[in-house]
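Engineer: Chain by chain, the residues run as shown.
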Amino acid sequence: MNGVYIIKRLFTSVAAFCISVTIMFILLRLMPGDYITMYLETIYRYAPPDVVEAFNHVYGLDRPILEQYVLYLLDAFRGNWGYSLIYKVPVLTVIGEKLVWTMVILVPATALATLAGIGIGAYSGWKRGSKTDIALLNGMIFIRAIPSYWLALMILIIFAYYLNLFPLGGYVDTGALITGIDPLDVANHAVLPILTLFLFSVTGTYYLMRSSMLMTAGEDYIVTARAKGLDELTILRKHALKNAMLPMVTMITLECAGMITGSIFVETIFSWPGLGMLTYKALAVRDLPLLQGILLVDTLLVIAANIAADLIYPLVDPRVQVGDNG
Amino acid sequence: MAKRTVLAASIGIILAYCAVALLAPVIAPYDPHAITGAPLCPPDPEHLLGTNDLAQDIFSRLIWGTRATLLLGFIGAAVTVVIGTAVGIVSGYYGGMVDEAVMRLIDVAMTIPIFPLLLILTTFFRPGIYITAVLMGLLGSFQGVRVIRSQVLSLAVADFVTGTKALGAGDGYIMARHILPNVLPLAGVKFVISAQHFMLIGIGLGFLGIGDPSVVDWGQMINRASQNGAMILGLWWWLIPPGLAVTLISLALAWLGYACEDEINPRLRLMRV
Amino acid sequence: MNAALLEVRGLKVGFPTPDGLVRASDTVDLELYHREILGLIGETGSGKTVLGMAILRLLQPNTVIEGEIRYRGRDLLSLPEDEMRKVRGREIGVVLQNSGTSLNPVYTVGDQIAEAATLHQGLKGSEARHRAVELLDAVRIPDPAVMAREYPHRFSGGMRERALIAMALACSPSLLIADEPTKGLDAVTKREIIDLFAEVNRDRSVLFITHDIEAAATLATRVAVMYAGEIVEIGAAGEVLSDPAHPYTRGLLASLPERGMRPIPGSAPSLITPPPGCRFSPRCATKDCKSEHPGLVEVGPGHYARCMLYDRG
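Keeping their order, the protein sequence lines are chains X, U and P.
Using the numbering used here, you'd call the opening residue of the first sequence number 16 and step up by one each time.
Using the numbering used here, you'd call the opening residue of the second sequence number 12 and step up by one each time.
Using the numbering used here, you'd call the opening residue of the third sequence number 172 and step up by one each time.
Some hints here could point you the wrong way.
Said to hold, decoys possible - According to the in silico footprint, chain X covers these stretches of chain U (three or more CB under 8 Å from chain X): (1) 217-228; (2) 262-271.
What the hints assert, rightly or not - Covered, in the sense of this in silico footprint (three residues per stretch, anywhere, with C-beta under 8 Å from a C-beta of chain X), are these stretches of chain P: (3) 212-218; (4) 322-335; (5) 434-442.
None of these hints come from the bench; they were simulated from the model.
We put the CB at the ideal spot given by N, CA and C, even for glycine.
Build out the structure end to end from the sequences listed, making use of the hints.
Structural biologist: Have a look at this one:
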């Protein structure tokens, strides 16, 4: 284990988290008017000054701003992220519930896209310049250029509306109110969101894998393998693929941030009750505590993806010890 | 060559969009905000793409929407490329502590998911279209710095730079005269790719209902159409044209970006994320 | 001497580029006999490597190749690809240049050596691993059983070279093509690698491609000198290197550090549009032959040179 690297990663992660929290702290302070007054006014129509003061005292809002900031930061680390304005429950509770639903579509979509992107990209890069390669490359550039929200809408219109193959949105049929949630029913609702996220993600993985394979195909050890008398398929499978996949480990974590973006649009369009849909709802009513929570969770997801890459990389590349890939 | 045809078509499309944006007041038959007849008209000679629920002419709105799209894309990309190039050159050229500090900062910044942050800032400040574009450019510039810096790193130790240094040239002179011209092609590619990226994001903001309400943009048009049941009612002329318009310009920029990337260095890999 | 093991006839190799066809090898004729070491020398870019790679058909698919390459009487250039694969590694082994990048970084050295044995000799897991250790031992890798389980990045330059040699010898080929095996090695390691080749040569022929004239002088039975895609001189090593006939060979020898280190002025010509006459004439101090292209002429028993000094018709 490389100590310096671990410290760097730790520093980066903590700093990113703190900055996310700090941005939200500043935004909340910048809100026009007094938070408590506004809140009381929305509920009781008027806010008596003594009540406002009492609340300010209870919430520590009468303390010096620096002290407030430190308390705020500490609370963020403790998981005390406040209450959602619309749901009236702790932010973490709402997010935890929605995160599960996001994972239901995000995990299969990412897994499939990674596998397909790596497979097709490897083939395309290996057969560089061939008709198949050019056709695949052009097709992927085409799909990549379609905005994810438009892709989602078109898929919805074609497969759900005109062809009537899948439900128009939501995660269960209304019958679920009586019969309970049926996994098959959920899967049926999840097909189109997963397909959209898959298409959104597969192009990126494909493109990166193809570039990586282009590099690998020109390496000397590929000629060595050929000089041994190995056939092309074995060289591709055994010698080229593993090497070409090395840079992908880090790249795929970058795709993770892209998937968060994609899921906001996809869930909104398919009314999928996950984190993305929650983001849309929170934006519509300007539920800042909830938005803050979402930003923090998204940050944590990216951090987790980075740490995962740090741990996976040394397993696939014998030259690297944990933490050497900077 | 098919490749040349595609490239020419891409440039043609981009230029055509620019022309439409500039000439919007001349081409558009109606004021995009004006009530021009009955709401929800199907296409007819009066209204080429019908009218929306507010009885505004969709064709005119589509044309005016080109402006917002190009502004979002090009201003955002300009900000990203200028910051990315300037910081990338300084960081890569000086190296050492400067570079270390910049890289750590970028590591931190890239750990924060930019799109949700952009959504929050936009929701909170409700900025106009120009500020939105600049904001996107700023948030996107971290990646630009990375791309430019990695090329500057190899240039900074290249023989011609060492040679110029030996002649007693100042750092500013070397960066401006020797390093900048060498990273310009890469910066150009980054500009095209960023422009595409920011157009999609900017229109996406409109789609999520947090665009600048004072301008006509395709995202808000799609949002309004889908929110008001254009799909269920089968009003394709309301829903489809803005989506096709954004897809077409996005495709043209993607092709151009790819062709340029291929041209400047076939072995170069820009991370497209 | 008996029939040649390898016979190259009129070999032309061209690489298509946007500027024209690069003729990396132009009408090369060459024989390699049983158990001999043929040293192929020349500057970088003279076409030595291309010649070696052409024999095993390891050049890029769009390369234009003409002529004949006969190995034990069979023309390798007209073999179907799957037949050719049986020649590679089994009949003809190759040690590529750049030993640093020629080993696959994600597999252990032992696995990579065993792979060839598994492929051509049908050895199973433990047999193949055993064979790999044996081979590493044969190329004098210390502690071979342990080193076989190590990854290439743990090997020094000299050890990687040895590992590549072991890999090329895995199926005991009759011909070994070695491309710059002493490049970038320190004097001691270089000496050891040269000794290793002398040993390897006991059972097989070696095409030893190098720009290290000293190494060629020590090892080679015969020497061929290449310049701008052509063989300009060929003959017994002792004769060519002590009494060179071609001005280029003389220049090459004069540029050696121990002989005064006088480099040949000028640089090698374009391989797209080579000079019409003698390709060396722009740099030649002896004779100006801009119009006539000399053929290979016998200047002594088995000693040929491509120079107008000797080509009289």
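Engineer: Next, verify each hint and record whether it holds.
Structural biologist: Hints, verified against the model:
{"no.": "1", "hint": "217-228", "verdict": "holds (count 4)"}
{"no.": "2", "hint": "262-271", "verdict": "holds (count 5)"}
{"no.": "3", "hint": "212-218", "verdict": "violated (count 0)"}
{"no.": "4", "hint": "322-335", "verdict": "holds (count 3)"}
{"no.": "5", "hint": "434-442", "verdict": "violated (count 0)"}
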